[in-house]
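Chains V and C, in that order, are what the protein sequence lines are. To convert, note that position 436 of the first sequence is 436 in the working numbering; the numbers rise steadily by one, no gaps. Position in the second sequence (first residue = 1) + 551 = the working numbering.
Keep in mind that the hints were calculated from the coordinates and are not lab data. Mixed in with the good hints there might be a few duds.
Pulled a few chain V residues facing chain C out of the computed Cβ check, cut under 10 Å [unchecked claim]:
id, residue
1, V92
2, T106
3, Y128
4, L143
5, L180
6, W234
7, P236
8, Y237
9, Y291
10, A301
11, N335
12, N520
13, Q546
From the three backbone atoms N, C-alpha and C, an ideal C-beta is built for every residue, glycine too.
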Amino acid sequence: MKLNVTSDRMQLNVTSEGIPLTERRGLDGVKCPCGHVNPPGTLICEACGRPLDDDDGLLNMRYEGAARRSQQKPRTIVDHLWRFFASVKVAVWMIVIALIASIIGTILPQEQFKQSSLPPEIFYPQTYGLIGEIYYRLGFHNLYYSWWFIALLLMIGISLVVCSIDRAVPLYKALKKKRLPTDPGFFRRQRLFAAVEAPEDAVDRLRAAFARRRFQLTEGKGTLLAEKGRISRWGPYVNHVGLILLILAFMLRLIPGFYLDDYVWVWDGETRAVPGTPYYVKNERFDVTFYTEADFPDPKAFRPGIVKEYATHLVLYRKDGDRLVEVARGTTRVNHPFEYEGLYLYQSGEQVGELYGLVLDVWDKQKNASVGQIHLSLYDPPEVVDAGGGYRVRVLEYYPDLRINEKGEPYSESPRPNRPAFILEITGPGVEAGEKNWVIAGVDSDTILPDKRFKYKLAGFDLRNRSGLSVRIDRGLPAVYAASAIVVLGLFMGFYFQHRRIWIRREGGTLLVAAHTNKNWFGLKKELVGLFREAGLPLDEAAIEQRRKTR
Amino acid sequence: MTSMLQMASAALLVAFALYVVGTVLYFFSITGRMMRGAGGPVVHARRFGERGYLVVLVGWLFQLAFVVLRWIGSGHAPTSNMFEFMSFLAFSVVLAFLVVYRLYPIALLGLFTVPVAVVLIAYASVFSTQATPLIPALQSYWLYIHVTVAALGEGAFAVGFAAGLMYLLVAVRQDRRSLETALVETVLWAILSLVAFIVMTFAFRAAGHEVVFERVVPDTGMKETTVYTLPALIKPHGAEKVTPGGLEPLFETPAWMRGVNAGRKFNTFVLSLLGGTVLYGLLRLAARERLGKRIQAWLQGADLDLDLVDEISYRAIAIGFPIFTLGALVFAMIWAAEAWGRPWGWDPKETWAFITWLFYAAYLHLRLSVGWHGKKSAWLAVLGFVIVMTNLVVINLVLVGLHSYA
Numbered sequence: 001m002k003l004n005v006t007s008d009r010m011q012l013n014v015t016s017e018g019i020p021l022t023e024r025r026g027l028d029g030v031k032c033p034c035g036h037v038n039p040p041g042t043l044i045c046e047a048c049g050r051p052l053d054d055d056d057g058l059l060n061m062r063y064e065g066a067a068r069r070s071q072q073k074p075r076t077i078v079d080h081l082w083r084f085f086a087s088v089k090v091a092v093w094m095i096v097i098a099l100i101a102s103i104i105g106t107i108l109p110q111e112q113f114k115q116s117s118l119p120p121e122i123f124y125p126q127t128y129g130l131i132g133e134i135y136y137r138l139g140f141h142n143l144y145y146s147w148w149f150i151a152l153l154l155m156i157g158i159s160l161v162v163c164s165i166d167r168a169v170p171l172y173k174a175l176k177k178k179r180l181p182t183d184p185g186f187f188r189r190q191r192l193f194a195a196v197e198a199p200e201d202a203v204d205r206l207r208a209a210f211a212r213r214r215f216q217l218t219e220g221k222g223t224l225l226a227e228k229g230r231i232s233r234w235g236p237y238v239n240h241v242g243l244i245l246l247i248l249a250f251m252l253r254l255i256p257g258f259y260l261d262d263y264v265w266v267w268d269g270e271t272r273a274v275p276g277t278p279y280y281v282k283n284e285r286f287d288v289t290f291y292t293e294a295d296f297p298d299p300k301a302f303r304p305g306i307v308k309e310y311a312t313h314l315v316l317y318r319k320d321g322d323r324l325v326e327v328a329r330g331t332t333r334v335n336h337p338f339e340y341e342g343l344y345l346y347q348s349g350e351q352v353g354e355l356y357g358l359v360l361d362v363w364d365k366q367k368n369a370s371v372g373q374i375h376l377s378l379y380d381p382p383e384v385v386d387a388g389g390g391y392r393v394r395v396l397e398y399y400p401d402l403r404i405n406e407k408g409e410p411y412s413e414s415p416r417p418n419r420p421a422f423i424l425e426i427t428g429p430g431v432e433a434g435e436k437n438w439v440i441a442g443v444d445s446d447t448i449l450p451d452k453r454f455k456y457k458l459a460g461f462d463l464r465n466r467s468g469l470s471v472r473i474d475r476g477l478p479a480v481y482a483a484s485a486i487v488v489l490g491l492f493m494g495f496y497f498q499h500r501r502i503w504i505r506r507e508g509g510t511l512l513v514a515a516h517t518n519k520n521w522f523g524l525k526k527e528l529v530g531l532f533r534e535a536g537l538p539l540d541e542a543a544i545e546q547r548r549k550t551r
Numbered sequence: 552m553t554s555m556l557q558m559a560s561a562a563l564l565v566a567f568a569l570y571v572v573g574t575v576l577y578f579f580s581i582t583g584r585m586m587r588g589a590g591g592p593v594v595h596a597r598r599f600g601e602r603g604y605l606v607v608l609v610g611w612l613f614q615l616a617f618v619v620l621r622w623i624g625s626g627h628a629p630t631s632n633m634f635e636f637m638s639f640l641a642f643s644v645v646l647a648f649l650v651v652y653r654l655y656p657i658a659l660l661g662l663f664t665v666p667v668a669v670v671l672i673a674y675a676s677v678f679s680t681q682a683t684p685l686i687p688a689l690q691s692y693w694l695y696i697h698v699t700v701a702a703l704g705e706g707a708f709a710v711g712f713a714a715g716l717m718y719l720l721v722a723v724r725q726d727r728r729s730l731e732t733a734l735v736e737t738v739l740w741a742i743l744s745l746v747a748f749i750v751m752t753f754a755f756r757a758a759g760h761e762v763v764f765e766r767v768v769p770d771t772g773m774k775e776t777t778v779y780t781l782p783a784l785i786k787p788h789g790a791e792k793v794t795p796g797g798l799e800p801l802f803e804t805p806a807w808m809r810g811v812n813a814g815r816k817f818n819t820f821v822l823s824l825l826g827g828t829v830l831y832g833l834l835r836l837a838a839r840e841r842l843g844k845r846i847q848a849w850l851q852g853a854d855l856d857l858d859l860v861d862e863i864s865y866r867a868i869a870i871g872f873p874i875f876t877l878g879a880l881v882f883a884m885i886w887a888a889e890a891w892g893r894p895w896g897w898d899p900k901e902t903w904a905f906i907t908w909l910f911y912a913a914y915l916h917l918r919l920s921v922g923w924h925g926k927k928s929a930w931l932a933v934l935g936f937v938i939v940m941t942n943l944v945v946i947n948l949v950l951v952g953l954h955s956y957a
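One chain only, chain C, in its complex shape (with noise of 0.2 Å):
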């Protein structure tokens, strides 16, 4: 079994580096373009559009051998965890992205999805990679159905929000500032934090950085210690510092922080959102205008048709939608009816499925009967997925419920 995992593990480097050549291709068919080629821009873009829809195929064949030798590795299915989930749901984008390009055949679509899936394994990668046996509440088949459904749906709404955010930059108004610009910078800013998030924590786990925190649990007098592998700015509530020398922690994570781990992940929060802050300045200062402004002429060399852009980000959430209600929500209540004896309970992980879903119902009532298409239409797909994100990476950190195990 072991040599499974092992291959399994292969399998998913290869399709992280098959993406990752795969954007560099998507982003070749537009740069490229002024270069001189053999056959003129067209035929470039084509040419290149092609080469990178084939090489993040074939990363996703990879990607599907992770999955089938992970779960074969493991005895179940890879998405139990959030290693597995995360990379799950890098899986399901770059489905549904492979999807809507035979829909629309736009290179640059290429170029907005596939970094979302490079980005979302290697934010997998940042948590525990070990295959464990499943705890008892997780031993359904439910879990399969569930987890994997909903993630395809998820999957959808990522190149619906890629798609949006290509809308906005290409639409938004860039020769004054606006809020809108605003805007554009702070979804930029929230990228490139994130994106910082990763390179700390692989840069710090090559270093070997660590440092240890140790509490009493109020309730049973029981010792409790964190590890951070992180800088530490923020301490876990109440607890003291155990490793010698270092810097000493500015802040204290607040009471009503009660995930599991809440300290170290909010540490991990902030110092993302700073290292974001000072990713964003130096391209600005490199840049020396805003964020946007740059991309949006570097973009105008792609000749976008902005009504194809703005189809294709709702076709994707269209599609995702009926997927998203079937596993996030039917599949959810089935299971949650088998296991607690209640198909709805208000669990904070439930109702956020549940306020993500009203989103995307009022995104299509707004779009479909009261007419929103174009730059409202795609805030609404940039924010949905900003929704997604919030239920996947933010409840788990901040509040306790039943689907704390992740």
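Only chain V is shown next, with the shape it has when bound in the complex (with noise of 0.2 Å):
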């Protein structure tokens, strides 16, 4: 049985004589020759280093050989869920089950990037056919706010626990208790090993050499021990902690008062509700600039009507009472969103020269001339307008998308103003009771009700800018940061650090020689060359057995 490449269940329950190695073994733990019983699953006796399968190729230093509690014969049904969640096999199926999911979630756009306003259940089947009706009743659609997509994503946050507990425990044990093997077996089987002929001061010598390194030495048993990096070891942990911080984090969500999405037009000039807060935003203006031809760099590739800037200038009130109290007043532009305490507006929608009003001539049709100019807003019509020379007109109706229904009754279709219509009333000089009269967008009066004193010109447009601002609170966002700084740290600990240690043992007249890494074998074998020669001692490269991994 060769141990580098075969599956953790193999080298558990099998030896090369086919009897498993928990019976063998028993259930209460293994006995080494030296007389130590270590605990079952034990590859590497932990008190002298002989190596406790029955081979003769490399050594499996991973975990440092000591037993897990997934390695355990499963009785209860804990020990099963353990078992299967502590496998680094399952682990990588479930992260290969997420990936082929989140692939499959980019081959048509998610719901909220269809830029469509059609309903999904009509905008797959229309859009992308038999493919799109297929996608949209599997639910890809919305694939990652699924159901099974996020327990996907918990399972695999729990399959970290557990993988993480149940391997940190063992090889922190492991590696505190620092390993001097006093069976040659153990060097004999590391990846580099090495047995040289060496004078008496060898090891003195040697111990000069790696202090001058600054590695760590522990000594005892008739073995060195020299250490460097051992907090490489520690990397893949941390790092699994901040990524179950980091899921947790993003939970934090559900908090109520925790998370606020919303989102809300703002006319310039106009005051609105910050939808889900106590507060009102004014735009006082939003403003669009373009780049001009001194803003390029190369004049050569100037085009007009890029834009430099979107920004809305507004002010933040907080109702009190039936007054709004300024409470804060600033900018927010793209990139560098406007902050309140934790309440973030983004600029994220723009609207230039959208129609905003209608400017009507009020016509006084018996004296033939204008009264005045009326102002009237498609969004948030007035109550009542002076139309000057003593006319005032009350709006009694407003239809922003008129239709008739069957019975012949006006109604709008919908809030937005495609086919806008008023029913105003007028009443001033000479028409003191008041005079009712239409104005439908498109439709002059006189060809439905000409008998009326007063009509409505089409003046003029009303052109204004809307500003859309993303409303935001996240309050787990410095969560989720600090969790991110976690798995970084992590990662760059256990990447970036090696851990090396390297063993040394005076057998008679020979020096015994083994090293490990967890990775740049490289690297340490020139490090240990390097070693040997500072000490004086011959080492040539060609007399390191390095055992081969692959092939």
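Combine both chains into one complex, guided by the hints.
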């Protein structure tokens, strides 16, 4: 049996004779010829370092050959669950499934990116045909927020916890109790091994060389251990703890009040309630500026109409009784949101020169003259407007999207001003009792109500800018960043440091040298040669036996 | 400012030329062994390897000058469009090579890594090289931090890819046909397609080829024109050819490709694969055997330590992974939170960064905990970089999303 490439289970259960190890070793422990009784699943004797398998190949140093909980014979359902989640193979499978699911989710746009007002059940079949229909039916249009995808991510989270505990605890114990192997088999079966003839003072000279290279030295039972970069071993666990915290940090938004995601459109000069908050926001001015030729580093590349900045100058109010009290004022720009006590307003939508209202001439047909002009907003029409000359116009009804039902009654199809219509009443000199009339976009009222004294003629449009603001509160964000920092810290610990250990033991006139690292064997070999050179001992690179891992 | 930009362009050109020279030197460090040189093959390889390294290092310094001059000249870090990003990626690949070569000085690594940078710069030059000021969405110092750090990580992945490919070219048995030999040929064909794309683009640009298409956008009723600089095999969806004469396009782009200029990009993609097929066919006819087999025979002379190549591939990825995580996920989250008000939103580009990350996470677990070494590990290193390039190239072709300004 080859130890280096076989699976966990094979290493655990089967020896070269085909007898399950757990049985041979018993459930209570594995007894080493040196007398020490190791926990079941141990691969290398904790006391003398003697390999406990019946093999002669490269020794498996993963988790220092220490026993893990998941290797004990499962008895209860918890044991079975533990074993499932402690398996790296299971974890890799879950990662691969999440990966494939994520790819599927990018084949067609997700519902949030479909850039269409059509409902999804119509949008997907209409735009993508049968594939779209299937995609929608399987729920892939909202894949990343589906229960099974989130469950998968949580299961990966559980696997992170279990795998980490399962390995970190025995690893900690094994590394804390520094291994000082006395058994030559331990040396021989390391990936780097050398047996060299050495003078009496060889170990002393090496000790000095190690110290110069800042190795930590431990000695006992005739064995010298030089160690460096142990921090690297904790990297994966720090990283995994960070990932667990990251998942938890994202879950913080489930706490009421921790998370808000909304949107509000505000016209120039308008004040609107900020949805989900006690605040009101006034858009004092929404600016769009364009690059000029002078802004271009290369004048030849200049094209007009490239936006330099979108900015909304805004005032934030809080309602106090009937009054709005200003609490903050500032500007929100793309990439530079406005912030007030954890409430963020992002510049995320722009509409320039949109139709906001109508300018109407109030026309007296008897005098054949204009009385004055009125402005009617199509979004927030006034109740009463002063037309001048003592005349007042009252807005009785407003239909933004006028339709007539079967009974002949007017109604509005939508709140969007697609076909705006008003019923207005004018009072003033000569019409003290008031006169009602219709104003319908695109219709001359003389054709429907010719007998009225007053009519309203379209004199112009009121065009304004409108700014779209994303409204966000995310109180879990600092936790997300902190967890991310731990994730990255763990990765740098694990991959930018390397744990190097060199064992030296004198057996008669021969010096046994073995070395282990978790990466960069090439560098360790060079280091070993360098150390021996500094100690004035000959060690040729070719004399180091390097056991093959590949092929 | 214009003079700065001109100097920057010149510096990039010099860097490009030096990378080509470096590749040739590395080539000779292997091939020239058979020639009779002073001091025998080992000395010969070392000498050419060192010369190659020096030339590539000087080339990289010129590219550093390009980055600095372009930054000063344009007023922002050169990572804001496809030209700038792809050339920065080449810069990262060379940097990763220079670092990894210090750890593992084998000349063959240069022969496989430096050409990646050459191809990336050539690919970058296909896009508009004009320097323009930043649109509002990019006006953040996170543009510099997020994009540069992510690119540095991807540069290290590219070295992992090159070493992985090297491993496979030597280790896959070529004495008989198998699935693995077929996959090796596929990888070579894909690389040749990229080369074909670059050659065609420059050839037709030099010839001044142009075909104009026009279509009416259904929603707005506005006219939209698309200019092809390559022969038009596939026209944009719903468009008509305006340019008189020439060949009529044979196919139409499917409606679901909705990226900016999807028709033109799809046409280019298909043409590149065709060009790659032609190149592959010609080379195969010349070699009269599988290209992988011919390369393997040639690489025998290099006398590679496969364990070492395996470790280089892993080490490059291990160096790249923390940097990639930091740049492509963590800094990306911070910028997304500042620009869009959420750290994570499953935008296609974000999702593909996540996919890339999951893939390399799986790679590391398979290698470190399950014990996948050698060929399995090398295949994953190659596939990983394919995923990286998918995110950088294909996502912009087919998908719409918040990142679609490049």
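Run the structure past the numbered hints and jot down the numbers of the failing ones, going up.
Hints 5, 6, 8 contradicted; others consistent.
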